[in-house]
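**Q** Here is what each chain is made of, one letter per residue.
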Amino acid sequence: MTAVRSTPGSRVLRDIAPLLAGAAAILAWRAIIALGNYPPYILPAPEQVLGRFISAWGDGTIGPHATRTLVEVVLGFGLGAGLALIVGYALARLPLAERVLSPYIVAAQATPILALAPLLALWFGPGILAKVVICALIVFFPVAISTMVGIRAVDARLLELARSLRATRRQVVLTLEIPAALPSIFGGLRVGVTLAVVGAIVGEWAGADRGLGLLVNLARGSLFDIPLLFATLLTIALLGIVLYALVVLVERTLVGTR
Amino acid sequence: MIEMKPPQARSPILELADVAVSFGVGGGQRVTALDGVDLAVKRGEVVALIGPNGSGKSTLLRVVAGLLPADRGRVMFQGGAITAPDPRIGLVFQEPRLLPWRTTAANVAYPLELAGVPAAERAARTEAALHTVGLQEAAARIPSQLSGGMRQRAALARSLALEPELLLLDEPFSAVDELTRERLNLELLDIAARRGATVVVVTHSVQEAIFLADRVAVLSPRPGRVVADIAVALPRPRSLADLDAAVVGAAAQAIRSHLREAAA
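Going down the list, the protein sequences come from chains P and S. Each number in my numbering comes from the position in the first sequence (counting from 1) with 1299 added on. Just so it is clear: in the second sequence, position 65 is 46 by my numbering, and no numbers are missing.
Simulated from the structure, these hints should not be mistaken for lab results. Idealized CB from N, CA, C, for every residue including glycine. Careful, some of the hints might be misleading.
[Unchecked claim] Distance ranges between label pairs, derived from CB positions:
1) Pro1482/P / Asp19/S: 42 to 52 Å
2) Ala109/S / Leu1458/P: 19 to 29 Å
3) Ala1406/P / Asp19/S: 55 to 65 Å
4) Gly230/S / Leu1458/P: 42 to 52 Å
5) Gly9/S / Glu1397/P: 21 to 31 Å
6) Pro66/S / Leu1421/P: 53 to 63 Å
7) Arg1451/P / Gly61/S: 35 to 45 Å
Use the sequences and the hints to build the structure in full.
**A** Below you can see the structure in the form of structure tokens.
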């Protein structure tokens, strides 16, 4: 994009390109329905989904479930990312911590969350706690690894500078290591926040009294309201996009243009 | 702050006696970087350390800066042994080492921040340091928006912010072009003279050593030690034109012959 001189026309094109792609997808969606002649309970039309999306938000069908999922994602993300920052730092700076912890962290990550979710639902019940734990688990790995990589990559010459200025350990962490590692840490947070949404839905799927994952089950099952199922999926996708955008916004504020 | 006493009467601010330093290089092997270094620097003096690559010039500077312990010998600053970095000693590295996410002003303020200097005083001292190196205009810019010369100037301002009595410079302008280097060297002399600061500067350029220093200490190849200590009889303040003077030729010849001897 930088190689080509940016004319006003190309800038407009760049801005509306995502919208054009969406419009193309919706056209393809309509074309599939027209060609395959599918009934709404297999593949509802885009306008049906949009209509149901609006009505379900309007009559409070989606709202409470979305709120629950949002709370789970935010709490789980906060908990998992917070722990991951501490553990990631320890992995980077304490050789013993890396030797002791890394095989177990990798093993925990290699175990599918889908397989763990029923167990966690059994332990922590159908409420919010099990989902927060699942979200935290799924967020932990990318953030811990990106923190470790980011801290390890801090320029040794800057560390020597800090030492020559008699910086305390705490000062080194706060004024040097964390700011230097932020771009890498935010890479992990971006991955983590989208995974947190997945974690919440998987957790709700395994047993919940409320949440978008439950609503997917209800819409497909007892309600048999396939447009509502699509409207719920749309809500989940939007939730992911908004949270991701928030992380990017915080990143822009903290990291800026270096 | 102009010292009126003749140089001979001043007592050394920095004194190194029989200093030896070695490094572990892996596999249980050690390399001796410095062995038996003697050097005394008087208050207000500018001393250049010159030597071939690997003679331990930078290592010597790190020992004085308190970043590296000596295996043997004495390293004394104002009568006290140097065992750790000291706020009275400022160090300018070969590279600017600016924090890329901080503005020039915030980089210069960094040592003051670490030392717990109150915000108001910090701002005043930062501004003064930026003024000294002529970087007021660039205060709000980040390092990636500065030229190489400006970055090294910012690094110099950072080390001046703590108002050190002894300034150590490790080939500070080696990464900038020659014209900029000459200008920065002139500015450095001016700053040192105005502050009455003592300066130890590492260089591998004979010309630069003569231009900057009152005395040039010549280091031998590894293990490094001071093999010659040559006085430069150029009056101050100096200008680039002084580099053509006859004393320069004589001093350069003396330094080069010692460098050759040491290498042989």
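**Q** If a hint holds in the structure, say so; if it doesn't, say that too.
**A** Hints and how they fare:
1. Range check, Pro1482/P to Asp19/S: Cβ separation about 48 Å, and the 42 to 52 Å hint holds.
2. Taking 19 to 29 Å as the suggested C-beta distance range, the pair Ala109/S and Leu1458/P conforms, at roughly 28 Å.
3. In this structure the hint that Ala1406/P and Asp19/S lie 55 to 65 Å apart at CB holds, the actual value being about 59 Å.
4. Roughly 44 Å separates the CB atoms of Gly230/S and Leu1458/P, a value that falls within the hinted 42 to 52 Å.
5. A hinted range of 21 to 31 Å for the beta carbons of Gly9/S and Glu1397/P is consistent with their spacing of about 24 Å.
6. For Pro66/S paired with Leu1421/P, a C-beta distance near 57 Å keeps the hint of 53 to 63 Å intact.
7. Separated by about 36 Å at the C-beta atoms, Arg1451/P and Gly61/S satisfy the suggested range of 35 to 45 Å.
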